[in-house]
Amino acid sequence: MSSPLLALGKQKLSLRVAQTSVRYAGRQESGGGDPRNDIIRRALYPSNIRNRPSPVGTWRPDVGRRLQRAIPSAQAHETIERAWLLHQRHVRRSRSAELQRKFESVRGAMETLREVAPELYVEANKDEDPRARSAAEMELLKKLKGPEKKAVEARIRGLFPRELRIPTDTPPKNGWVYDFTPVTRIS
Amino acid sequence: MLALRRLPRFTPRIASVRGNATLEAASQSQSTAAPPPSPSVTAKSSASHKSTSGNADAKGSSSGGKQNSGGRQPAQQATRGWCRPIAKGVEPAYDYALRYILKDAGFIRKELEQLRAAVAAEEKKPEDQRSEATLEEMRQRVGILEIQSEANLPNVRWNARNGLADMNQPIYRHLVEQRWREEGDLDLLMERIYQMSVVPDMLPELRPSFDLRIKYAEPPPKDNYLRTRVKRKLKQVEPGIFLVPEQTRRQPEISMTLFHTDTRLYTLLMVDLDIPDPETQSFTSYLHWLQPNIPLSAFTTSPTVPLDTHTRYVPPHPQRGTPYHRYVLLMLPQTSPTEPIDIPVFSEADRLGFNFRAFAEQYGFNGVRGGGAHMWREVWDETVSHIYQHTLKKEEPRFGKLPRADPYAEIKRSKKYL
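Residue numbers (our numbering), protein chains in the order written: chain A, 34 to 220; chain B, 111 to 528.
One thing to keep in mind: the hints can contain errors.
Calculated lysine-lysine pairs in the DSS-like style (CA-CA distance at most 30 Å, straight line) [claimed, not checked]: (1) A:K206 with A:K178; (2) B:K504 with B:K325; (3) A:K135 with B:K220; (4) A:K135 with B:K198; (5) B:K198 with B:K220.
Rather than coming from a laboratory, the hints here were simulated on the basis of the structure. Since we're looking at a predicted model, the values are computed, not measured.
Given these sequences and hints, build the entire structure.
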């Protein structure tokens, strides 16, 4: 029972069996056939050129050369990196310094107001709900219709306008509106 | 001058064509009398496409031979200095970055000068008028600006990496220390110290404050014929590796990089942590070497005083039958940086059973306050027998496990089948 298998194991098979190259395909005449078959064939049986990168990228012999072209000198790269980070630091510091200056200026103004007119100071310090609508605004809303009403309702100070459209990858079906005029808020 | 630094384990092939002044390139540039790496590169780069000029530049700098962009080799020529890694025009971003950095350095230098003048003026004031807090703050700011004004300059960074660091200047001390702490050397040392349990076993806490490097003789050649015919060079020891007792017969060559300009006194000691103690069926320590009162500063790269005047160096001798021994070399700062301490010389009997914790408490040593450390491991070899016979002049002990009583002895004697 096992003797044919043992016999098979004992015979020494050559490494190259009748030159059948199964994995790699030579140039195929595609002609008028389906191009998808060619694509599948090219994906399954890539060309056997020795020193090119493997299809999925597991072996890339040209990385060194490409890196050398992109970054010819490690020292130069470090210098550029440091200069860029230094620039970012300057920008960040100037922005925060400007913000600090504005904040201090407003704080100084509020201090002055507190000394000069305490009632107005209290008024200025009151929290305001930007969504709150006064009586006059409610009356106005009852009269408005359509886009004007939407403009009043959707645009609240300090919040995103509700009409803001998220950018899409593809353009709209109806095309670009060339003669668009926005509805400005009246009040 | 900084001592040799060990070469990186992985040297990418591309590193051989990158980079900056090598010895050959420096001499070439001197012979052609042009600062950029090669004149052909400047001629090409002015006209051509960036890719071809990049290639030409790579060829130009590779014609110099060995790479030096990481700067792993020490200064061997006094004429060596920084020059631009790539010619003007090859990489516009680099040219702009260089101008930006120089401009910023100029601004910081001006601010530094003004601050220094302010500090001087504050110091000139009589005691009651000056404010110590503001003076201290200004001095700290001066220190920060001194470093910031030069930390980005490529020539300064190149010098710090290539052994041309002048320890008189705070920027070089800062860069060299930063490199030791952050680019892997200290991490490797601490990794080995913690993995080999030196820290809980010998001392509770260790925070090295300077780079301590050791050189022992290289291992004997594999070919027996060459053993006595080849002169053994000294080789840098990586912390934690196994050494052969033959390498450690003689005192090591110690080189250091400290980061404080004032001279402080340190104590050197070398301890074996794994001497077997049959009485307690456990392990004890052995003091191999002790040398107190060694004056060190940022300008001393190796000890200036002789190291064999106190407790002499005894070569490591891991006993036969024991597992590997850990040898720790410490350079600890003394309590007072200027006053020498008086430690009695350890006799042979006192060396065995050396208790570091008691010693540290007695003389005020603490691993938290800084210092330098190193360690390696060794296993028994025939050389140890030689050491016992000729250097220690004692009988060599042999250790092993006691034979266990055979639980089946009775059964083996009786018959199995009736």
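Pairwise hint evaluation, B:K220 against B:K198, where the allowed Cα distance is 30 Å at most: Holds: B:K198 and B:K220 sit about 28 Å apart, inside 30 Å.
Pairwise hint evaluation, B:K325 against B:K504, where the allowed Cα distance is 30 Å at most: Cα-Cα ~28 Å, so holds.
Straight-line alpha-carbon gap A:K206 to A:K178, limit 30 Å: holds (27 Å)
Given pair status - B:K198, A:K135, alpha carbons within 30 Å: Roughly 43 Å between the alpha carbons, so the hint for A:K135 and B:K198 is violated.
Satisfaction of hint between B:K220 and A:K135, Cα-Cα up to 30 Å: holds (28 Å)
Of the numbered hints given earlier, the model fails hint 4 alone.
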